[in-house]
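Novice: So the chains spell out like this:
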Amino acid sequence: MGDKTDVWQGTLALMVLKTLETMGPLHGYGIARRIEQTSGDRLSVNYGTLYPALLKLEQEGSIASDWGVSDNNRKAKYYRLTRAGRKQLGKETQEWEQATDILARFLSAKKESL
Amino acid sequence: MRTLRAWFFRLVGLFKRRQHDLELAAEIETNLQMHIEDKVRSGMPLAEARRQALATFGSIDSARESCRRQRGLPFLETLLQDLRYGARALRKSPGFTTVAVLTLALGIGANTAIFSIIDAVLLRPIPFKDPDRLVYLSETEAAPGNYPLTGPDYLDWQAQNHTLEASALCTWPHSYNASGPGEAQPVVVLGTQANYFSVLGVAPAMGRVFANGEDEEGKGYVIVLSHDFWIKFFGGRADALGKTMDLNSAQYTVIGVMPQWLNGVRTDIWIPQDMGKKALGPRGSHSYRAIARLKPGVSIAAAQADLATIAKRLEQQYPDANNKVSAVVVSLNEQIVGNSRPQLLVLLCAVAAVLLVACVNVANLLLARATGRQREIALRAVLGASRLRIMRQLLTESVMLSLLGAALGLAGAWWSIMLVRSTNALPIPKMNVVQVDLTVLGFTVLVSVVVGILFGLAPALQASGLDLSEELKSSAQAVVSAVGWHRHLRDALVVVEIAVSLALLTGAGLLLRSFNKMRQADIGVQTQNVMTMATILPPQKYASPASRRDFVERYLERIQHIPGVRVAAISTELPLEGGRNGYVSVDGDKDPAHANQLVENIYITPDYFSALGIPMLHGENLSPTDMQHVYEANMQLDELYKNDPDLKKLPPGISFVAVINRTMAQTFWPGQDAVGKIYKTSDGTLPVRVVGVVGDTSVDSVQQKPFPQAYYPVTAALDWPVFAGMVVVKTSVPPSSVLGALRSNLSALDRSLAAFQPRTMDEVVAETTQATGVQTYLLGSFAALALVLAAVGLYSVLAYLVTQRTREIGIRMALGAQQGNVLRLVMAKAGMLTAIGIVAGVACSLALTRLMASLLFGVTARDPLTFACVVVVLALVALAAGYLPARRAMRVDPMIALRYE
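Residue numbers (numbering that gives the first Met the number 0), protein chains in the order written: chain Y, 0 to 113; chain W, 0 to 900.
Excised from the complex, chain Y in its bound form (with noise of 0.2 angstroms):
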């Protein structure tokens, strides 16, 4: 457990969209699982943020829930991508790419080009 990384604030917010619009609508277990398994279990999801971040997701209006039957015929809180968070998803994404992009740059650069 301990040689697991939290995950870093601020970007559970775009996994969680990402994992919705890869698998379609999930429940928090669910995702959580998703991002662990994505991460190679270099991740671990805690609770105690995933549901902060599903509730304010929800209430920016990227995500939609409903309470569906899971595959175990468990009564489960299922969200779902909407169209905005679709969008949002899009433009963090850019966003991200260009950051990693720069970062990349910067410490890919050799001594003389700095």
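Among the hints, erroneous ones may be present.
[Stated by the list, open to error] One side only, chain Y facing chain W, incomplete, derived with CB under 10 angstroms:
no.	residue
1	S43
2	Y50
3	L54
4	K74
5	T99
[Claimed, not checked] 30 angstroms max Cα-Cα, derived BS3-like pairs, lysine-lysine:
no.	chain 1	residue 1	chain 2	residue 2
6	W	K679	W	K277
7	W	K15	Y	K74
8	W	K38	W	K15
9	Y	K55	W	K15
10	W	K91	W	K15
11	W	K589	W	K540
12	W	K276	Y	K17
13	W	K277	W	K218
14	W	K641	W	K218
15	Y	K76	W	K218
16	W	K276	W	K641
17	Y	K55	Y	K74
18	W	K15	Y	K76
19	W	K589	W	K516
20	W	K294	W	K276
21	W	K294	Y	K74
22	Y	K74	Y	K90
23	W	K311	W	K277
[As the list claims (entries may be wrong)] One-sided excerpt, in silico: chain W residues whose CB lies under 7 angstroms from chain Y:
no.	residue
24	E26
25	S61
26	S65
27	Q69
These aren't lab readings, by the way, just hints derived from the structure by calculation. Model, not experiment: these values are computed from the prediction. Glycine residues also receive a C-beta, built at the ideal position from the N, C-alpha and C atoms.
Chain W: place on chain Y using the hints.
Specialist: Here is chain W on its own, set in the frame of chain Y:
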């Protein structure tokens, strides 16, 4: 946009808290179960799966807590929490809450009521279009003061000025006989130039206003009704337009009805004033007023200068009639409300003082309560509440208290405002309706929040600054003496209360003394058993002086024989009601002061003096011969002036006789016997022989100094355009019991005549002192309120002191202190606080009562008797308030006191 949406949901979240909590719990539960099932499926034993799942999950509580924070608005939630907690705390001590809320309700309610009046009278402008461009025009005279306008002067001003967009002449309100179907009734009529309403910017609610030219001679038989009168006389029916009604026996057609809000001007009917030179009267006859609208951008001072220049020109042109006549321009608003300002401001100061005392009292109560809550507050602090957080909670509580008080006070204020609206007792202009509007509500809420913070601040500061470890270790009893400054604070608050109530009491006392002086003031008249009323002879029906004389004589003859009537007289004026005046000259008198000395002219039948008990000092009363002589002389004068309006010299043999008052005799013939002397009336033509001297009577108000007065036979007034006679009867029975007979005799002579303003002479006097009476009553009530509150404050501080020191008193008594020593201990404290309060209060009063000097009569603002009485009353009340707790201290049983803890 997204943030806005989020905030909206968070706001909604506040109200669905429970449902959301449940939903979250269910979600967490299913997710946890899925987690466990996954682990079991992968071969883990159930117990281990559960343990690991819970570990991964992290703290469920912290998830729940952070969700809650994300869901709602923490600031609002804290506020709601504080409100809930405050409400619980207040409910738990109903006694404290009731006293505090009632105290605040009194203070805030009184302030709201007075402020709503100030808002209507002083703050809101008069309800006309562009009110700051409306002005009121009058003239100055040789004598000081503002004088009515003369018609010809006004016409010149109107034609020659460069600063006024428009102006309109109007009369003072006149009483007319209005006869319709039933009995004749008196109505208040205002004569105006045709453009009067357009100058004011008022449109009729129905019909039309006067058209140009309707103020020309013979065309003005149209009238505009007030809303009230339309309801009263025509039952509010729309077909009133075009109907006719008789005013002073002439027929008028209704052309318009004014809107309801204009009822405040207290006029029933507007009629066009005949603007012809003949109708307006000569230069020198000051009997009109005028309003005007300034051209845009023109200041009042500029208009004043403009009109003064014209007046200067007129003075050179007509040196006799216009000697020292200049122009006065004031804002119409100031003309209407200016007089009410000092009385209203004094009232506002008084209610503010009551509120201050109320605040101090509640602060005192809160301080006492905070002491009892010190342990509770310390516990909160230990559990992590910040100092700011605790203050915030305590202030929320006190603002809650004051808002509760405000709500209750508002109800009281609303009730008193309804009372003010329904009566005319409060002598204020009613141009704007007194009401609780947004301004007043805003004022109330602002005052109560400020007040809540003000009286809550001291206890909150004190409570939040406690030394925690000390608090929790020590018992509540011992703590109190440790916080010394706080007891001093309570003492200081009581001193403030006493000082403020003393100042209020002094103000009320001074007014009360003024009022008494006014009531007892010698107006030169014996007012007991005197009934008065007025009647107006319509000029169309009673066109000739002979017909009027006939009416006066026949009516007097009739009412003299009413059972219970001892003496009956008819005059043109009553004491205290003002009247007409003019200048006189005495041949050979070179004193320039006399040329500018106005003399009041009163026209009477001979029994006027005995009906009012005015003493005959020298010489003779007017005789029937004098009545006849003056009647004939006046007829001759009328004839002469009809032929030559600018007549300068009269043929010999035409003269008047008069009885003058003592002041006139002493002014013009100091040290001599005035009887037999001759003087001439203003234009220096008509000789008048003095036949007698009577005592002085008050002309305008009881406050006024004696004024020269000349009484002429009423037969000199019968040629006036309209003859209005005051009927004065001295009775041997209760005066109002003869009113019925006075009325029936009037309609027996002429059914179209109405009895105006039937009043006893005592009521006439009361009317002139009414303003002071109401003021005294209000200020007195506020002072009494403050006194009671201060007494309660002193009582509570001492009672608290005794409770706190029960143990100490018990020990003292066990060691041999007598009851007397204990009594002295408490009373010394009461005495000290009262003494300091009184000294501070007297100093305050000396500074403040000067502000109300203009409202006083017969006493100075530093009247020693009033101050002495007030100090004695206050000291007695304070001692009584102190005695109750002192007696309780005296009865402390040492054994019980020592076992206490």
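Novice: For this structure, which hints from the list above don't hold up?
Specialist: 5, 8, 11, 12, 15, 19, 21 and 22
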